[in-house]
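In order, the protein sequence lines correspond to chains D and Z. Numbering-wise (this note's numbering), the first sequence opens with residue 3 and increments by one. Numbering-wise (this note's numbering), the second sequence opens with residue 3 and increments by one.
In short, the hints are calculated from the structure, not lab data. You may find that some hints are simply not true.
Covered by chain Z, per the in silico footprint, the following chain D stretches (three or more residues, Cβ under 8 Å) [what the hints assert, rightly or not]: (1) 33-47; (2) 78-86; (3) 178-184; (4) 218-226.
Some chain Z residues judged to face chain D by a derived CB distance under 7 Å, without partners named [as the list claims (entries may be wrong)]: (5) 111; (6) 172; (7) 419.
None of these values were measured; they are calculated from a predicted model. Each residue gets a CB set at the ideal place from its N, CA and C atoms; glycine is no exception.
There are 2 protein chains.
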Amino acid sequence: MPLAEAAGRVLAEPVVAAEDVPAFDRSTVDGYAVIAEDTFGAAEGAPALLEVVGTVEMGRPAGFRLTAGQAGAVPTGGSLPEGADAVVMVEHSVIPGEGLVELTRPVAPGENVVRAGEDIRRATEVLPAGRRLAPADVGVLAAVGVTEPVCFARPRVAVIPTGDEIVPPDAPVCRPGQVRDVVSVALAALISRDGGVPRVSDVVPDRREALEAAVSGVLPESELVLVLGGSSVGARDHTAAVIDRCGPPGVLFHGLALKPGKPTLFGVCGGVGKGDRAVAVFGLPGHPVSALVVYRLLVRTALRLVAGEAVPAWRDEAGADPLEATVAATLTRAVPSDQGREDYVCVRLRPSEAAPPPAGAGAGPPGSGRGAVLLAEPVFGKSGLITMLAQADGLVRIPAGRRGLEPGTEVEVILLD
Amino acid sequence: MPLAEAAGRVLAEPVVAAEDVPAFDRSTVDGYAVIAEDTFGAAEGAPALLEVVGTVEMGRPAGFRLTAGQAGAVPTGGSLPEGADAVVMVEHSVIPGEGLVELTRPVAPGENVVRAGEDIRRATEVLPAGRRLAPADVGVLAAVGVTEPVCFARPRVAVIPTGDEIVPPDAPVCRPGQVRDVVSVALAALISRDGGVPRVSDVVPDRREALEAAVSGVLPESELVLVLGGSSVGARDHTAAVIDRCGPPGVLFHGLALKPGKPTLFGVCGGVGKGDRAVAVFGLPGHPVSALVVYRLLVRTALRLVAGEAVPAWRDEAGADPLEATVAATLTRAVPSDQGREDYVCVRLRPSEAAPPPAGAGAGPPGSGRGAVLLAEPVFGKSGLITMLAQADGLVRIPAGRRGLEPGTEVEVILLD
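Assemble the whole structure, with the sequences as input and the hints as a guide.
What follows is the structure, encoded as structure tokens:
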């Protein structure tokens, strides 16, 4: 990949530095490069007097060397002259006359210096394979002169909308009984953002043969397949039957103790005895909110894995992902939930009515001042309402062991974006 | 914008629905469409007996109408026949003989039905101008058949690296005194991800005239300009002088009570008396960590604002952004900080050694089980070390009023990505 396009891509091989960074002993301050020993014992009343034998220019080798009793002026980031092993800050210097400097503080060897290779040592691994390159990582590659990192291809993700009632978003009219396909375009946007290449199929009618043809057609050119459930009876059974026929192993789970998302289905096609290409297939609920919640909770991680990313798989004692970033808020209304099932509730965020004092006023707690400022208003609605998507700012998780949450509960909100 | 490319873009005008969603009265369950009144008083022992006069097919108008004493079979998502005002779930029905159904529970008018326009009413605003379209929003636009939303152009962001010591990442060799440009490519990746169009200039030497030429050159074709400071003495003064000459108003602040990021500089060029085009200009610290922290804390918001986004400006009592999503962790080592200055410390995250029990085991608190599982290890290093970027997973904020943090402190970590 060209470096300018590498952010978000996954390294296919480790990056090893071909050079030392910095490539030279480098000053971290403006001051005087010295032989540290020459400054030992220096103090305000008893400065070390040294001969200034040169001035280092930025971006160039020093071009001179020090022997005992000598110093060289050096800027922050400048190269140390040969023989020098430390830098005295300019604040601790006095010029008593031309070509001389008095230093009023001692320095230890290595003080105010980054040694050649101290930041990154030549031939060491800078970033591992499986790393998804963050913007800062791209900077790290630039530092070692790697301008074409080797990355995995982006996984291709087929999105197959199904349902006799579904028409594409650009259908000229929506007749009685018909609804526009909301989920495919939203999923395609999520897949792109999360590093995949989405391809949305034409809408498949609720017939098993049609679905089988659609799934078989995309398998050879996909690393991940998402079948969007029709909401009618039997549509989900079609999906299960089709995944089983494309196995082994076929369907691995069908139904989750999760709301929304209960009818989620997962399988692998062609993983055993049909060559190397195993393709993961999800059957997602047809309701927009359900489909997007399941994407967020399950599909995104699957996508990262098929992309080759080394995904950390930590879970805390309640089964949540501690790497899922959240904001703190106070729940405004009660939220019911059944025990034995993990619930996710859409909430809308707004500032609490007690206006906060001006920024920087006080000695608050570290971190982001959690639990103080935001209210989380549950967004309720009949099953499948699309407006819930526009209103919800985030999700609140209710662990399987809880029976709902009381108003006033401090909750952690997973932001939807 | 075509809808498939609209995620992440900012709406330039509000989106108003041109049609009702749903376009028809729609069942939310599998069951029997009825006139609610016909079921009043129905019970297990005293079912309402109705004549079944039709079956609704998915995706089609019902094609029949109900009068008193009649019912029609309807699938989830199916269209209600004319005359019907509620649906009885199939679970509460018995078929006593062909063409008949017994309903064992009453329904109220509207029960198990989404009325035409109940989700989105024609001629109402669906999404406001200034909204940055999330993937779910794109789904909402699809729901109302808007396939070409009107969005603002992406803001153009000029990135100007400066410094006699800086060479481009693809320089064949890095000579003594030279360092590769780390910050420009990392900032360009951040700018792209955050919705801007980055353009990185050639490296500008540390001369005021050269910088003035570079800034003047990019102003006409930029909405935001980032000048990356050289680390040498005087380079920052050049930037301030140049911004002042491109004013009024010129420099608005120079120096922040922030670490890293103290030398940050901000101004506006051409805002008064030189036509309409006011261009915001940041002078960023030259050190990679400092530059990326200031981008995260200040520049990103500026970029969102010049993009036309309606950015919420909430702050809590400690001056933090409550909408900044974080993860909870326990600090492993003491972190010093000066009072009167806001500090951000790079940390690396790792799981705590007490291995968590298997997922879903218990009745944990709501939210993401904060404070239990992750350790935040401060990443210290000499000024300007690039490896800090590769090691840091996030930032911990120390409010201005605090003098450092003790080991064991529960902190909120802003994830770097």
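Name the hints, by number, that the structure is in violation of. Hints 1, 4, 5 are the ones this structure does not satisfy, whereas the remaining hints hold.
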